[in-house]
Amino acid sequence: MIVSFGHVLVLSGLLFLLGTVCAVTRRNLIMILLGVEIMLNAATIAFVGAALRWHDMEGQVFVLFIFAVAAAEVSVGLALIIGVYRRTGSVDPSNFNLLK
Amino acid sequence: MTLYTILFYLLAVVIVIATVLAITRRSMVHAVIYLVVSFFGSALLFYLFGAPLLAALEVIIYAGAIMVLFLFIIMMLRDVNLLEKMFPLSQWAPAAVMAVIYLVVGTVLILTDPGARAPLIGAVATPRDFGRFVFENHWLTIEIVSLLLLIALVGALYLGKLSRKSAAPKSEGNP
Numbered sequence: 003m004i005v006s007f008g009h010v011l012v013l014s015g016l017l018f019l020l021g022t023v024c025a026v027t028r029r030n031l032i033m034i035l036l037g038v039e040i041m042l043n044a045a046t047i048a049f050v051g052a053a054l055r056w057h058d059m060e061g062q063v064f065v066l067f068i069f070a071v072a073a074a075e076v077s078v079g080l081a082l083i084i085g086v087y088r089r090t091g092s093v094d095p096s097n098f099n100l101l102k
Numbered sequence: 005m006t007l008y009t010i011l012f013y014l015l016a017v018v019i020v021i022a023t024v025l026a027i028t029r030r031s032m033v034h035a036v037i038y039l040v041v042s043f044f045g046s047a048l049l050f051y052l053f054g055a056p057l058l059a060a061l062e063v064i065i066y067a068g069a070i071m072v073l074f075l076f077i078i079m080m081l082r083d084v085n086l087l088e089k090m091f092p093l094s095q096w097a098p099a100a101v102m103a104v105i106y107l108v109v110g111t112v113l114i115l116t117d118p119g120a121r122a123p124l125i126g127a128v129a130t131p132r133d134f135g136r137f138v139f140e141n142h143w144l145t146i147e148i149v150s151l152l153l154l155i156a157l158v159g160a161l162y163l164g165k166l167s168r169k170s171a172a173p174k175s176e177g178n179p
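In order, the protein sequences belong to chains A and B. If you read the first sequence in the working numbering, its first letter stands for residue 3, the second for the next number, and so on. If you read the second sequence in the working numbering, its first letter stands for residue 5, the second for the next number, and so on.
Calculated directly from the structure, the hints in this document are not laboratory data. Here the structure is a predicted model, which is why all the values come from computation and not from measurement. Built from N, CA and C at the ideal position, the CB exists for glycine as well. You may find that some hints are simply not true.
Said to hold, decoys possible - A partial selection of chain A residues facing chain B, derived with a Cβ cut-off under 7 Å:
{"id": "1", "residue": "4"}
{"id": "2", "residue": "11"}
{"id": "3", "residue": "24"}
{"id": "4", "residue": "43"}
{"id": "5", "residue": "45"}
{"id": "6", "residue": "50"}
{"id": "7", "residue": "62"}
{"id": "8", "residue": "74"}
{"id": "9", "residue": "85"}
{"id": "10", "residue": "88"}
Said to hold, decoys possible - Covered, in the sense of this in silico footprint (three residues per stretch, anywhere, with C-beta under 8 Å from a C-beta of chain B), are these stretches of chain A:
{"id": "11", "stretch": "14 to 22"}
{"id": "12", "stretch": "33 to 41"}
{"id": "13", "stretch": "76 to 82"}
Put together the whole structure using the sequences plus the hints.
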């Protein structure tokens with residue numbers, strides 16, 4: 003026995019909350035993207051814990067797909083940030099309130 | 005209390021502390037380095053939970069590729085002032101209060117649920133078994149994911165080309 007399943011869920015929920023706080027309270031597009039990464043990582047911890055809890059590899063397969071989605075999301079997101087930085091010279095989201 | 009239990013709590017403490025340090029740093033480079041520490045902890049946690057292939061992938065993809073990509077971008081934006089202005093306390097305090105409420109409610113909900121008290125029995129999915137399982141049961145999803153990665157590659161290239169083209173005339177107009 004390692005630990006009870008609930009403790010894994012609490013750790014994963016705590017990490018998810020930290021990621022949300024980072025994404026909500028920072029004024030920097032790169033830090034917001036980092037917050038999303040922390041949230042995805044928290045989800046993978048919950049999935050791996052569940053895979054061990056029910057001794058089923060489906061949970062681990064989901065983690066593989068989350069890795070792929072995270073890589074795709076971060077590459078497109080960072081390309082968007084670079085584009086927006088070249089246009090306005092800033093990465094502060096409060097500068098991007100003009101829809102044109 | 006076995007050795008594995010102690011290892012789990014040790015890793016959990018390291019991960020949470022590293023993540024808290026990462027999201028409170030004002031310098032983005034420091035944040036990324038602390039996050040690499042946090043992802044290494046997650047990789048060890050995966051190994052503890054019997055997923056050695058996922059532990060390797062976490063180090064390679066998350067701590068390696070994604071974080072190095074972040075570092076490259078931060079270095080590209082070097083002339084932006086690295087120390088961002090934070091929101092005033094009165095603006096992010098409500099968010100923090102709600103986060104704490106969610107945390108308390110979620111923790112109580114999880115820990116009072118009898119299903120969550122089930123112990124985790126150690127087991128290992130070897131990379132060979134895991135790969136066989138993935139390609140026998142989820143081969144179509146693998147193809148779809150490879151398509152997603154291709155689309156992301158094309159999209160990132162297109163966005164990069166688009167912003168370079170539009171930046172040239174724009175930069176004369178607004179200094």
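Going through the hints against the structure:
1. 4: Hint holds; residue 4 (chain A) Cβ to chain B Cβ min 4 Å, cut 7 Å.
2. 11: Since the shortest Cβ distance to chain B is 5 Å, the answer is holds.
3. 24: holds (4 Å)
4. 43: holds (6 Å)
5. 45: This interface hint is violated because 11 Å lies over the 7 Å limit.
6. 50: With a minimum Cβ separation of about 5 Å from chain B (threshold 7 Å), the hint on residue 50 (chain A) holds.
7. 62: holds (5 Å)
8. 74: Because about 4 Å separates residue 74 (chain A) from the closest Cβ in chain B, which is inside the 7 Å limit, the hint holds.
9. 85: Constraint on residue 85 (chain A) satisfied, holds at 3 Å.
10. 88: holds (4 Å)
11. 14 to 22: holds (count 7)
12. 33 to 41: holds (count 6)
13. 76 to 82: Held - the stretch 76 to 82 of chain A has 6 residues with a Cβ nearer than 8 Å to chain B, which meets the minimum of three.
In this structure, the one hint that does not hold is number 5.
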